[in-house]
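As they're listed, the protein sequences go chains A and B.
Those letters in the first sequence? Residues 1 to 263, by this note's numbering.
Those letters in the second sequence? Residues 1 to 263, by this note's numbering.
Don't read these hints as lab results, they were simulated from the structure.
For every residue, glycine included, the Cβ atom is placed at its ideal position computed from N, Cα and C.
Here are some, though not all, of the chain B residues that point toward chain A, as calculated from beta-carbon distances under 8 Å:
| # | residue |
| --- | --- |
| 1 | Thr-135 |
| 2 | Ile-163 |
| 3 | Leu-244 |
| 4 | Ser-248 |
In silico lysine-lysine, DSSO-like type, Cα no more than 27 Å apart, as pairs:
| # | chain 1 | residue 1 | chain 2 | residue 2 |
| --- | --- | --- | --- | --- |
| 5 | A | Lys-28 | A | Lys-49 |
| 6 | B | Lys-85 | B | Lys-29 |
| 7 | A | Lys-51 | A | Lys-28 |
| 8 | A | Lys-261 | B | Lys-261 |
| 9 | B | Lys-22 | B | Lys-125 |
| 10 | A | Lys-51 | A | Lys-22 |
| 11 | A | Lys-125 | B | Lys-85 |
| 12 | A | Lys-219 | B | Lys-63 |
| 13 | A | Lys-125 | B | Lys-125 |
| 14 | B | Lys-80 | B | Lys-19 |
| 15 | B | Lys-105 | B | Lys-22 |
| 16 | A | Lys-85 | B | Lys-125 |
| 17 | A | Lys-224 | A | Lys-114 |
| 18 | A | Lys-22 | A | Lys-85 |
| 19 | B | Lys-219 | A | Lys-63 |
| 20 | B | Lys-103 | B | Lys-125 |
Number of protein chains: 2
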Amino acid sequence: MKFNKINSVQNIKIKSVLKLYKPSERIKKSLMIIEGFREITRSLNANCKLKEIFFCSYYANDKIIDFIKSSDSSIYECSKKVFDKISYRQSPEGILAITNIIKRKINDLEIQSKSIFLVIENIEKPGNLGNIIRTSDAAGVNGIILLNNKTDINNPNVIRSSIGSFFSIPIINTDINTFFNWANNNNIKTFATSPQASTRYTDVNLNQSLAIIFGSENKGLSNKVINLSNNTISIPMLGQNDSLNVSSSASIILYEALRQKSL
Amino acid sequence: MKFNKINSVQNIKIKSVLKLYKPSERIKKSLMIIEGFREITRSLNANCKLKEIFFCSYYANDKIIDFIKSSDSSIYECSKKVFDKISYRQSPEGILAITNIIKRKINDLEIQSKSIFLVIENIEKPGNLGNIIRTSDAAGVNGIILLNNKTDINNPNVIRSSIGSFFSIPIINTDINTFFNWANNNNIKTFATSPQASTRYTDVNLNQSLAIIFGSENKGLSNKVINLSNNTISIPMLGQNDSLNVSSSASIILYEALRQKSL
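Given the sequences, and given the hints that come with them, work out the whole structure.
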């Protein structure tokens, strides 16, 4: 089997991939970069179309080579030097793909009995978001809703730190009013988290359809979100610090919801 | 007030600071680097001695300048260029100190009624360890025990991601046998976490003196640790992934222990 070979980092295809590391370019082209075999196969399950696949036989194992041989995407075989240039992993597996960005709206979210939605206002760090997606997958979250999100979430670091869960949970961007209208119309109880809240997260009924809302690390939740929410809850903190990492807070409350649902 | 001024990155004091970014140098000299006002003041509460303080008036606020004026450590005023060279923060506050490394042994750990100890075998990422320390502080953990730890924990990234909790919780290094002897002698129940365990973490009694043991992200716990533990517990995972981030797992189980203790 013959593939297009790329031996120069000056190749126009390579330059296009590198440009996609810029959020503005991803938004303009509606494309994103996915690296890694698990991530790429999961994106296919989520109905992503692989536009181009770049691989490197120096790194790729037999499973990856078999996958490439059976793919009908455009395939480019890169020299090690070229692949190292486009890869963002410390230990590359030798496969990277360009795919369309998934676009969803809030009304695309499926609501089941006792659904859990995780909501974040002004998320800051891609690594935190990726880890929150990973925990959400494990805790059976039905969707992630980002409020006033100003960054492109189709960030290679988000995908990497989600270890592929990025493709298994619907993630949508919306504004505060649209979110609360949707929650109220669908009978989803909204729980804003705030260190100042007097009600502990373990003292509320999380065994119902609900949306748990977290603020950014630096600013917490806006007053608007706190005022529009049905409840405000806190996680007790016994030590010197006045805050937890947002990803830890999300893990704690999501798993308390799961515990209550399993009783 | 006059301080020693440093305007060259070639200054011998600056070269000494830069060397301390190497784990081997920190171990050899038994010194570490602390950056940030909160972190430095907390290290003083933990009885660290500030050997040298480096500051930069371009960044430092009045609170920092007042602190420096009242300190009896050796103080060096750095130009912006010099401070940027030794700082490891994206937004420096303009203060960095060199202090002695805190050395503790397992028998230094204070055991109270219903103490919680968090144990990690082969911790890998400094950022994960730092965040685990931060959550442990909030959850009232009495001590962190690292088993077979091969990396220097007095890492600037650990201190930074712990947001200073590094100095409020005793952290010790030891080996597997010493740890289990100590736990058995002190009637501390040991709970090994493993995705394969059939008992859920919510179905065991965490309202007692206990040590919760986590493995590394890549390898999990060793068979030796699992076999020596009193119990093996798992966190249910409903999604596609077969693991959680170790910092998320620790957050979930520590807060379940806290919930059970508060009932």
